[in-house]
Amino acid sequence: MLFLAVIFYFFRYNRFHLFYLEQTQLFTWDPRSLAVYFTAPGGFARLTGAFVTQFFASPLAAALLVTVLIFCVYLLSASILTRAGMHGIIFPMIPTVILAGLHSSHMYIPAHTVAWILVLLYVYAYGKIHLPVLRILFGIAGWIVLYIFAGFYAFTAFFILPFTQLHSGRKEITGIFVTGIVLIAAIPMLAGRFLFLLPYADRWLSPANELIHGELKWQLWSLLLYLPLLLGINHIRVMSRLINPKGWKAWLAGILVMAIAVPLSVKHTYDFRNEVFLRIDYAVQHEQWDDVLKQSRRYPGSNRLVMYYSNLALYKTGRLADDFFTYPQSGTSGLWLSWQRNETAPFFGGEIFYELAYNNEAFRWAFEAMEAKGPNPRCLKRLAITSIVNGDNELAKKYLHFLEETLMYRNWARHYMAFVNDPSLVEKDGNMRWRRSMLIQHDFISDINEYDPGLVNLLENHPENRMAFEYRMLTLLLHKDLPAFTAQIGRLKELGYSRIPGLFEEAVLLYAGMNREFQLPDGFVISAETRDRFRSYATVFTANRQSIPLAEAALRRNFGHTFWYYMQFADPTKANPGEKL
Amino acid sequence: LQIQQKPTPVKSYSPFGLKPHALLPGFLVALGLFAMACSRQHADAAPETIRVGVFPDYDDITIPPNIASLNFEVLTDADQYEASITDPSHHRIDVRSRSGQIRFPLAKWKKMLRSNAGNILAVDILYKNDGQWYRMKTRHLRVANEPVDPFVAYRLIEPGYETWNKMGIYQRNLENFDEEPVLINTLSDGNCMNCHAFGGNSTRTMMIHLRSKYGGTVIHHNDSTYKVDTRTDSTLSAGVYPSWHPSGRFVAFSVNQIVQLFHALPDKKIEVVDTLSDIILYDVNHNLVIRSDKLSSPDRLETMPSWSPDGKTLYFCSAPRHDFSKDDKPKYDLCRVSFDPENSGFGEPEILIAASEAGYSTSFPRVSPDGRTLVFCRADYGSFTIWHPESDLYMMDLNDLSVSKADINSNRTESYHSWSSDGRWMVFSSRRIDGLYTRLYLSYFDEQGKWHKPFLIPQRSPHSNRESLKSFNVPELISEKIPFNPRGLNDVVHSAAKSANFKHIR
Chain A
8 MLFLAVIFYF FRYNRFHLFY LEQTQLFTWD PRSLAVYFTA PGGFARLTGA FVTQFFASPL
68 AAALLVTVLI FCVYLLSASI LTRAGMHGII FPMIPTVILA GLHSSHMYIP AHTVAWILVL
128 LYVYAYGKIH LPVLRILFGI AGWIVLYIFA GFYAFTAFFI LPFTQLHSGR KEITGIFVTG
188 IVLIAAIPML AGRFLFLLPY ADRWLSPANE LIHGELKWQL WSLLLYLPLL LGINHIRVMS
248 RLINPKGWKA WLAGILVMAI AVPLSVKHTY DFRNEVFLRI DYAVQHEQWD DVLKQSRRYP
308 GSNRLVMYYS NLALYKTGRL ADDFFTYPQS GTSGLWLSWQ RNETAPFFGG EIFYELAYNN
368 EAFRWAFEAM EAKGPNPRCL KRLAITSIVN GDNELAKKYL HFLEETLMYR NWARHYMAFV
428 NDPSLVEKDG NMRWRRSMLI QHDFISDINE YDPGLVNLLE NHPENRMAFE YRMLTLLLHK
488 DLPAFTAQIG RLKELGYSRI PGLFEEAVLL YAGMNREFQL PDGFVISAET RDRFRSYATV
548 FTANRQSIPL AEAALRRNFG HTFWYYMQFA DPTKANPGEK L
Chain F
-5 LQIQQKPTPV KSYSPFGLKP HALLPGFLVA LGLFAMACSR QHADAAPETI RVGVFPDYDD
55 ITIPPNIASL NFEVLTDADQ YEASITDPSH HRIDVRSRSG QIRFPLAKWK KMLRSNAGNI
115 LAVDILYKND GQWYRMKTRH LRVANEPVDP FVAYRLIEPG YETWNKMGIY QRNLENFDEE
175 PVLINTLSDG NCMNCHAFGG NSTRTMMIHL RSKYGGTVIH HNDSTYKVDT RTDSTLSAGV
235 YPSWHPSGRF VAFSVNQIVQ LFHALPDKKI EVVDTLSDII LYDVNHNLVI RSDKLSSPDR
295 LETMPSWSPD GKTLYFCSAP RHDFSKDDKP KYDLCRVSFD PENSGFGEPE ILIAASEAGY
355 STSFPRVSPD GRTLVFCRAD YGSFTIWHPE SDLYMMDLND LSVSKADINS NRTESYHSWS
415 SDGRWMVFSS RRIDGLYTRL YLSYFDEQGK WHKPFLIPQR SPHSNRESLK SFNVPELISE
475 KIPFNPRGLN DVVHSAAKSA NFKHIR
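Protein sequences appear in the order of chains A and F.
Under my numbering, think of the first position of the first sequence as 8, with each following residue one higher.
Under my numbering, think of the first position of the second sequence as -5, with each following residue one higher.
Just chain F, with the same shape it has in the complex (with noise of 0.2 Å):
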């Protein structure tokens, strides 16, 4: 702060005799004073005596340095609430709140974040009832030293069964609030539109695939954006669960027939199967799609391909055919297969893990960018574990194949899961909230192979994340933004799509 003090051209009244630049220091003191009362936070406040809960849980996670503020909500009805944050070097940033919504200045938290990498912050919030001000539990935030890849692209659409309004696919930066449409089906007849690609986090080589009318795969590499047409008649169906190559060249997809089922138990809602399921390579370079017998075998459905870094092996899901109106609940192993991508061939595939062993099933591998570790979604069967309650994330050591549960469940779905560039941050979703609708968390991987307590991604609104009626879908974090926006793809979606080639291979 810097005040100017002009020289005062008449004399004026001043109170003691003095004048009145001589009161300055006088008054700043007292400024100073005023505002450390207020910012002790009222040495005499209470401890609260009912444990009083904030939303969302940020007591005690690990967060990147350029993640914006994390605004929260104290859940109790108070006539005052106070919060502040405070660093090891006693720096602080203080908030009041009327309302129990505690916003923190983004640029004063940003600032915070980045001279505090590796460092713990203290949150301290007090409320104020009848007169008197309670203090509660003292929250911890540790600012790791990586900072988590800045954009995050999901689809936003109500998690509705059968029919659909409207949805989009968006970006979010993460170091702030901003959220952007990239695609959005008001523009395009209300079409259906989702998985959406990236080839390792980068927007460089991306794709996000439209269903019913202006139905295609919008592709986005080497600086050209088209839309083709991965039907073919030898084909299941258009690709539906996308991974792109490392080399960007490639993308293996599903290729499935899938049905709704609804349940009746009050804990289950939805069940996706796939009565067909096989998965195809889509040659970006040659338009081609190539279906090899390694993964298309007719009494096998397989499914949820994913590379490995190197792109010398791809994962995927695999489970005998069957018929599910018959209570046949299908186990779906986790599988491996070798790449050569000279000549797009496979070599013969390996389970990882066999369902019929473990008593479980998998479903959408990601393998961290070191390639040591995979994550997975582990359920009691089916691989479309995103309506499930009990779908859990597992990891698996790449090296000795040793599996164990992520530490960062809950007793609600956890699915969709996408690593940071660096492999240090995941993020994935969950519906650990309400049991429906589902909400972004990140977590951080560190060096010894551990997860810290996930986190909700924050908004600017803190309830936002609990009433909002749409569900995040199929969260990718991105290393920078998405150089498009829905009118600049508008011409993109309502061109013909370019048909592919097919190639069969053995």
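Okay, chain A solo, but in the shape it has when bound (with noise of 0.2 Å):
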């Protein structure tokens, strides 16, 4: 039945950002990648836990493997603490509930999980052998490979070896403590020197060294020092008739730690607003932009990343110059995001790149998001898309070919290796006909900034590119540039629209009754609906006009999501709202 439940949590409520983490790595069995792993210690943990990463494509995969990682935790502390006298199935529950509770963050990888399984799968075999002089070679010699395998949390097993032999005497457990200590010492610094080429600090701390310098340290801790804290307390006489209550007492006090720890372990890891915005970036992905709409409704507060990705899914749904202010926007940087050279940038930025058909620049973001993260199947894809666009099919056939070494990539990979290798079925495929032939014709400089990520020279280029003149007009707009704007509203016809847009309509009104001599483009008229509106903005406005702050507050409520209201009120230089994840 847990095990159904932790199925059940992982992928109600954790499998976006699973998904994320599936997509910021890349596993394959090339062995200059596998060799890669192996350059720090705790490099068969990162391995195995990129090996299962992979599958988290998979939302139900995800939920199943990660319930399967913290299962295996749950039955080796289970087995250590049995042979420790500590039966139950309470005290093995508590470390899997930090453990679920880890997880539930997208800045835990399963690389940690399986490097603690590591440790414990150890301990549990020191505790199995009985000759004497095999205990001292495999507590030895295992341990250092654990060292390799397991890295900083091999450590965390001479925490919890001395507790689990206290049977065995003072000598054996005095052998432990200073093997510990020597050990500790001396095999980081020697993999160091003839191993690893890293900084001190890394020798000991590899792959754990963010995550106990990050938001987790606390809930990391509690999990390394449960067990040798419990064995510990268990030791003591008193304490351990205290911990292991008998008949009811032991249900309500299992009871009682669970819905403790259950609620705080899931309060302090677990991150709604995360796992809201990479559900719309899931469905970003997959192009369900209804999905992203509705997700961006839900999220709470205000975030750059989420405005970015609604705004892209308006425009998508045919909506963007219609509803753009009935979602929170905070002026033009919530239609893209700056450069900034850091992790979270360039990788979600680089999507309206893409769909505004400036190849170069959706090229560019997903090269640097793949610098900063490393190879990844979002980048590569992007990569060889856009590679394949641009006509360089070599460069497309060496990213296509680090995804045709994946599992989850391969049938992607050769579906576009086609492409490559017949370069005359682009013009057969439309999206990619498509691509080709917005490819730009006269060269500008990239310029991401307040004003303009480009679209005034992509619409050079190509004055038909409807997206770039939509964000464009947009853009005018949140920049009160009225003269501008309605420069360009003739424009409307030729780029197949059978109706002004709903807040061109505003500002084309506004417009016209500040400049009596402006004509609407031919065939378009403005809708009753929206003149009938402009009448009782005006009421409303004249009858509060005596005080700004009044007027604003009567016009919020019914007409807080229209361009007048902007125009009027709203201060296009607010600082932006930060794009959080």
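FYI, nobody ran anything at the bench for these hints, they're computed from the structure.
Virtual Cβ for every residue (Gly too), placed ideally from N, Cα, C.
All clues given are correct.
Heads up, incomplete: computed chain F residues facing chain A, CB under 8 Å, no partners named:
#1 Lys262
#2 Asp428
#3 Glu461
Two independent chains are provided; combine them into the complex using the hints.
See below:
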């Protein structure tokens, strides 16, 4: 039951950040890629973790695999505790609860759990060896291997081992303690000298370096110290009686412990906002634009990444110029992301350039993201497609080859390899043909700023680029540049618009009111509904004109999502809400 | 092969009534025939009907007698592959493969090359499909008499834009496939490093420049290694593009203010532009940065310094200041200036190629060790031609200053180049495989001043040159191994850089 409950928890509430983990790493059987894992302690754990993570592309597989990892910890913890005389399911349940919490964060990768399993296996195996000489040999040699396989986590073995061997007498415990200190000091030092090219700290802390300095450090330390502390407390007779109740007391204690541990763990690790954002990201990757908009509504607070994606979805569903202000906005900073040299901006921010058919920039952001995060399927796919579109088939082949070596993207890679092997196929594929047709003919330099991420140049190259047009028009509106906006409104017809979109109507109406010489483009009219609303807006404003704050408050409810309200009350220089992930 | 036959103590069964040792000659003959049958390369093999390629292209090239085996990959799906390399004396190395990767055994390869300097070797390749063997066109390798310097140093980095991750300076033994790191940035907080330079192909005088955290120039000279900071209040930046004076006492550096721009056209990606640049002289013995007015004109951009082998002339590139954002694409002249090491003084600069007349831009001048030939990059504009697909290698005869195109270019970027210590070989980086990732090519420059077809520096795994996501930057041929590794240099890298003093001369 519990197993199924954990699967359900991960499947229902964590699938999207697990998908994100899969998207940010790449597992292939290529020997050079595999060798990279072993350039630092904990290589085997990282390798196994990466192997497991590749299946997170499937939500069910992700939930199942995380649950299996957690239950491995449960079983091993239970075995170790049982040997120390601590029976029941509550004690080994605690680390699984902590682990479930850790796995609820996108900053925690399965490699850490694998490393922890290796440590528990080592402790368990050590206890199984009865011959003293063999035990010593295994204790030392096994630990060295454990260090290479699990890195930093291997140190915790020496905190657990003495407590599991209390029955063996003081001599062995002292031996374990002394050996532990010597090995912990010497082996990483020697490994750094002969095996790994790493800074001093990483010889001891890899692969947990970021984790023990990050937001999850307390949860991690709880996990690592739980077993030695519990075993130590259990050794104190008075405490042992207290923590090992019998009968109904045991049940009550168990329920109490779980009632406290589960919410505590979830509260401190599960990030609802991130899960919603990563669900939006998932929907963008799968072109589920309606879901993007639905999830944007669920997102609590404001986040530039969410705005950026929801605006993209608004465009893809044909609603950008109608419903823009019905979603949280922050000027043009919600239309595209600023360039930043970090892991977040390039990874998510390249999407708009791909959709705009700004091929070189889409390639660049994918390339930068791969530099920041390492090879990953999303970037490699983007690099491959943009290379094919650019006609760089040899380059595309390089990226496709990487994907061909994976389990999950082999078929995708083979599909696109066909375009490389037979370039004429590009003309037979609608999407690729369109992208090729939108290639830039007249060079310009990328200059992503608050006013323009290249839209003007894209439109100069391809006036028919409807997305660039709509984003450009919105940019002008957001900068309250009505003369420039209305100068372009005549292009609606050639771009295939059958009516003037709502926000554009509002802007045109306002401008026409200010400039009586303005003429609507042929074949377009302002709808009666918009005219009526404008009259209502003007009436409410006139009634409250003596006080701007009063007018703003009076108009916000019914007109807060109109361009008129934005024009009159919003400050386009307002600080952007940040890009939190 | 030596087989020692021990006397048989007991009588054993033997067919045809023969004793076992009597079978040995027959066995050896049979083995020989079998081997010949195999290595005769299937006399019944049909000539290939479709021209199958191999990667890398190692046909009709001139190779040094000390190069590692030229492993390659046959670019067709087949059940079996065989390749042999034969010298004029009919000695042969045979290789079989099921994957299409042909890897010659290194020891046999080296032995064959050693004994065939000046000869032509024939490479025969066969593949088998549906029971039928096909014979490919015979390839030919000419073994030169002159060995190449045994090591090449380069930076390995993803050919990125603004973000970088792991990078390092590596040295590769060209006589085998050993590649060792000299310095890697995982030990120095992920900082940027490049601009390694050697005094006349020797590692006894060398430098590596580091940026960001732990920034400075690591200098190894006169058996001591230390880090200096060549930034001064009177110069634009720390030293960027370096060239060691043959005496080992000076390094000519450009100092630059550099910006990166990104193109939108499909065949262009990056533009690296100097907004300001000068050339300075760093006196290693006196830890002194010298700025001469001759090489730091306020209305010009001087860059890419390179010494002549006698140290009496400094070659460099120079362009008027410009504003790239206004579509003002600069073309760089190729210039030279005389130098007097005694007083560290420069003469009057002389323009060798006037860009305005020539209609193109020059960069990366490098003079051959005999001082007769200068090889430079030619591009439509700019100085950092590494990102220009049209960048080609050109050479200037320094006797009559005539310019000709080196017959080693492709339709993609050819850029950074380095002469061997005897001037018979040149390594250069090229993006010819895929347009983005630079790979190293080696070309023979014969006594008649003719370039021979360049070839890709071989790798143990032949396809790694196509699949690796790293680029090879700034290849420098060196005559001995760099006596450092990242652990050995770690203390120097982490030490405080010694600040250079400054001197201004007219």
